[in-house]
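Enquirer: These protein sequence lines map, in sequence, to chains A and B.
Just so you know, we're using our numbering here: the first sequence kicks off at 1 and counts up by one.
Just so you know, we're using our numbering here: the second sequence kicks off at 1 and counts up by one.
Among these hints, one or two may not hold up.
Unchecked claim - To spell it out: a stretch of chain A is covered by chain B in this simulated footprint if at least three of its residues, at any positions, have a beta carbon under 8 Å from a beta carbon of chain B; those stretches are:
no., segment
1, 25 to 38
2, 56 to 70
What the hints assert, rightly or not - Simulated restraints, written as ranges between beta carbons of each label pair:
no., chain 1, residue 1, chain 2, residue 2, range
3, B, Glu214, A, Asp76, 35 to 45 Å
4, B, Gly318, A, Asp76, 50 to 60 Å
5, B, Pro336, A, Pro56, 49 to 59 Å
6, B, Asp193, A, Ser21, 17 to 27 Å
7, A, Gly97, B, Gly213, 26 to 36 Å
8, B, Gly213, A, Glu160, 20 to 30 Å
9, A, Ser191, B, Pro336, 28 to 38 Å
10, A, Arg73, B, Glu214, 33 to 43 Å
11, B, Ala325, A, Asp202, 30 to 40 Å
12, A, Leu178, B, Ala153, 48 to 58 Å
13, A, Leu178, B, Gly213, 24 to 34 Å
14, B, Gly307, A, Ala10, 49 to 59 Å
15, A, Arg73, B, Ala333, 43 to 53 Å
16, B, Leu139, A, Ala10, 24 to 34 Å
Stated by the list, open to error - Sample of chain A residues facing chain B (criterion: CB under 8 Å; computed from the structure):
no., residue
17, Gln84
18, Tyr85
19, Glu87
20, Ala89
21, Lys107
22, Val113
23, Val180
Keep in mind the hints are simulated off the structure, nothing from the lab.
Glycine included, each C-beta is placed from N, C-alpha and C at the ideal position.
One-letter residues, chain by chain:
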Amino acid sequence: MRVVIAEDQALLREGIVALLSEHDIEVVAQVEDGPGLVRVIGGHKPDVAIVDVRLPPTFTDEGIRAAIEARERHPDVGILILSQYVEPAYTAELMAGGQGGIGYLLKERVGDVPGFLDALKRVAGGGTALDREVVAELVQTREAEPGDSALAVLSPREREVLELVAEGRTNAAIARSLVVTVGAVEKHIASIFGKLDVPGGDDDHRRVLAVLAFLRAGDG
Amino acid sequence: MRPDQAAIGWAGRADWDDVVVRQATASALLVFGCTTIWGLTGGGVFWPGWVAFGLALALGLVAALRWAWEQTPGLTRRLAVQGAVSIVVLTLEVGLWMGTGFGTPWPFWSALGYSVLLLAHWLVAVGWFRLHPEREQKLTRRVEELTRTRRGALDVEAAELRRIERDLHDGAQARLVALSMQLGRAEERLGGDQPELAAEFRRARDEASAVIGELRDLARGIAPPVLADRGLPAALEALGRRAPITVTVTADLDRRPAAVIETAAYFVAAEALTNAVKHGGGAPAHVIVDEAGGRLTVAVRDEGPGGAEADPGGGLEGLRARVEALDGTFSVASAPGAGTTVTAELPCA
Chain A
1 MRVVIAEDQA
11 LLREGIVALL
21 SEHDIEVVAQ
31 VEDGPGLVRV
41 IGGHKPDVAI
51 VDVRLPPTFT
61 DEGIRAAIEA
71 RERHPDVGIL
81 ILSQYVEPAY
91 TAELMAGGQG
101 GIGYLLKERV
111 GDVPGFLDAL
121 KRVAGGGTAL
131 DREVVAELVQ
141 TREAEPGDSA
151 LAVLSPRERE
161 VLELVAEGRT
171 NAAIARSLVV
181 TVGAVEKHIA
191 SIFGKLDVPG
201 GDDDHRRVLA
211 VLAFLRAGDG
Chain B
1 MRPDQAAIGW
11 AGRADWDDVV
21 VRQATASALL
31 VFGCTTIWGL
41 TGGGVFWPGW
51 VAFGLALALG
61 LVAALRWAWE
71 QTPGLTRRLA
81 VQGAVSIVVL
91 TLEVGLWMGT
101 GFGTPWPFWS
111 ALGYSVLLLA
121 HWLVAVGWFR
131 LHPEREQKLT
141 RRVEELTRTR
151 RGALDVEAAE
161 LRRIERDLHD
171 GAQARLVALS
181 MQLGRAEERL
191 GGDQPELAAE
201 FRRARDEASA
211 VIGELRDLAR
221 GIAPPVLADR
231 GLPAALEALG
241 RRAPITVTVT
251 ADLDRRPAAV
261 IETAAYFVAA
271 EALTNAVKHG
281 GGAPAHVIVD
291 EAGGRLTVAV
301 RDEGPGGAEA
311 DPGGGLEGLR
321 ARVEALDGTF
331 SVASAPGAGT
341 TVTAELPCA
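Turn these sequences into a full structure, and let the hints guide you.
Expert: Shown next, in the form of structure tokens:
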């Protein structure tokens, strides 16, 4: 797997580089700002870019804007956003194109090495990896007015499954978390696809579309 | 404040009109009575004329003072009062002079005296202002200075808070993230051979994560990231999306207000929405932000039952202090059945 990193904090950037090289993941470029990110994504065509939200020169949402710009030109490159805060609106913007390969994690999740590597691989493979806090915030909002939500058609159990799908968990992991069989999870997911009118096709892509429906519901 | 004063002023004028009318009526009746008595007692010298003259003077005094009191407060009003009294007294004197058989024209000297006094009053007053202009100028300067420094102090405070937030982000939070990552790598290496030690590292990492979470909440309390990143309309949109009720946001700003104003407006909307969620019974709410004539208005209206009462020491009262410290105004309208509207107006020149 080939990775580029856009992170202005040297300590964190070097830590991630060391971590990835220990696991035979090649970091092909490191940049410190938004324009640099757009450039190296174009130049190296990596599998995935790890992007900090706050980057020079503006130190606001530079990373998000640069990632969106880069994705427009190179839709196959996965984007894993690292942020110190949860902002569901940013996730929704990143996924507005209807493509997978998007992740949004709080920075401290890097400390959970297997979890972080797993998320990175999923995003590189076109899946999603939303931080559980992003998901929790969206769910908290939606549960208070289920009648207005696109997710109102789902049963409570199906919604739970969809939340875990949004976090990027596999069916086996979801089954473990909910203490049910993998078969039951598969049935729930098929039902979610049906209720949300997710068109048929590749299962991974259908999962992305279902997550997108989930994000859109959260976006009011 | 101002409408009340106007109301009192208006009532005062109405009362005064009333006094003048009653006085005039009473005077007319008296003169009529005296004339009747004079007629019944067989005429002679027309003494009721003196009664009429006296009453007319009193009426004239009241009317003149009333006119004088309507002049601009300050020197103009003082001069008007003096002039009005002088004219009434002079009229009395001329009357006396005429009534006593047109002797030496002494009222002329009185008139001259009153005029000199009036002129002296004016000269002294103007001269005093000329000699002591610094007093008024000083006060004006002081008010301007206080207004400016207060805003300045609040601007500095807001900028300082955002700097702290940035320092937290780039400093403590970043180092904790790095620490958390180092702990995670150590945990991973130990995982196979020394699971107990790995579990220790895991707990240390969880602790670091908890601290990072607390710092995150602290930073959000200073200014939500989306407000700092994208400004008030975007932050209010995000706020509305997070609320568990339907919230419409109408915010159209040509430019970004000062950080201190932006933050105050944001927290007014946030607190008002919290209240709308709590007391609005799930009814929709509307956030309207508007800028006109150097004032930024933020209004949050819910379609709930209304009838909210100000809670001393509550969130809304805290916001009132914050808004008023910025030279803004803050109001809550909550008639039963008409929903609740919280409005804050802030300077944003």
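Enquirer: Does each hint fit the structure? Answer for all of them.
Expert: Tested hints:
Evaluation of the coverage hint for the segment 25 to 38 of chain A: breached, as 0 residues show C-beta separations to chain B shorter than 8 Å, against a requirement of three. Residue count for the segment 56 to 70 of chain A with a Cβ under 8 Å from a Cβ of chain B: 3. That meets the three needed, and the coverage hint holds. For the pair Glu214/B and Asp76/A, the beta carbons lie near 39 Å from each other, so the given range of 35 to 45 Å is met. At roughly 51 Å, the beta-carbon separation of Gly318/B and Asp76/A lies within the given 50 to 60 Å, and the hint holds.
Checked against the hint of 49 to 59 Å, the C-beta distance between Pro336/B and Pro56/A comes to roughly 54 Å, which is consistent with it. Between Asp193/B and Ser21/A the beta carbon distance is about 22 Å. The supplied range of 17 to 27 Å therefore holds. For Gly97/A and Gly213/B, the Cβ-Cβ distance of about 31 Å falls inside the hinted range of 26 to 36 Å, so the restraint holds. The hint said 20 to 30 Å for the Cβ distance between Gly213/B and Glu160/A, and at roughly 23 Å that hint holds.
Here the CB-CB span from Ser191/A to Pro336/B is close to 46 Å, at odds with the stated 28 to 38 Å. Between Arg73/A and Glu214/B the Cβ separation comes to about 39 Å, which falls inside the hinted range of 33 to 43 Å. For Ala325/B paired with Asp202/A, a C-beta distance near 58 Å fails the hint of 30 to 40 Å. A beta carbon spacing of about 55 Å between Leu178/A and Ala153/B agrees with the range 48 to 58 Å that was offered as a hint.
The beta-carbon spacing between Leu178/A and Gly213/B, approximately 25 Å, falls within the hinted interval of 24 to 34 Å. Between Gly307/B and Ala10/A the C-beta distance comes to about 57 Å, which sits within the given range of 49 to 59 Å. The hinted window of 43 to 53 Å between Arg73/A and Ala333/B holds, with their beta carbons roughly 52 Å apart. Between Leu139/B and Ala10/A the C-beta distance comes to about 56 Å, which lies outside the given range of 24 to 34 Å.
Annotation: interface hint on Gln84/A holds; nearest CB of chain B at approximately 5 Å, less than 8 Å. Interface hint status for Tyr85/A: upheld, as the beta-carbon distance to the closest one in chain B is roughly 5 Å, under 8 Å. Because the beta carbon of Glu87/A sits about 6 Å from the nearest beta carbon in chain B, less than 8 Å, this interface hint is met. With 8 Å as the threshold, the beta carbon of Ala89/A comes within range of chain B, its nearest partner Cβ sitting at about 5 Å, so the hint holds.
For Lys107/A, the shortest C-beta to C-beta distance to chain B is roughly 4 Å, which falls under 8 Å, so the interface hint holds. About 5 Å separates the beta-carbon of Val113/A from the nearest beta-carbon of chain B, less than 8 Å, and the hint is met. Here the hint on Val180/A is broken, as its CB sits about 27 Å from the closest CB of chain B, past 8 Å.
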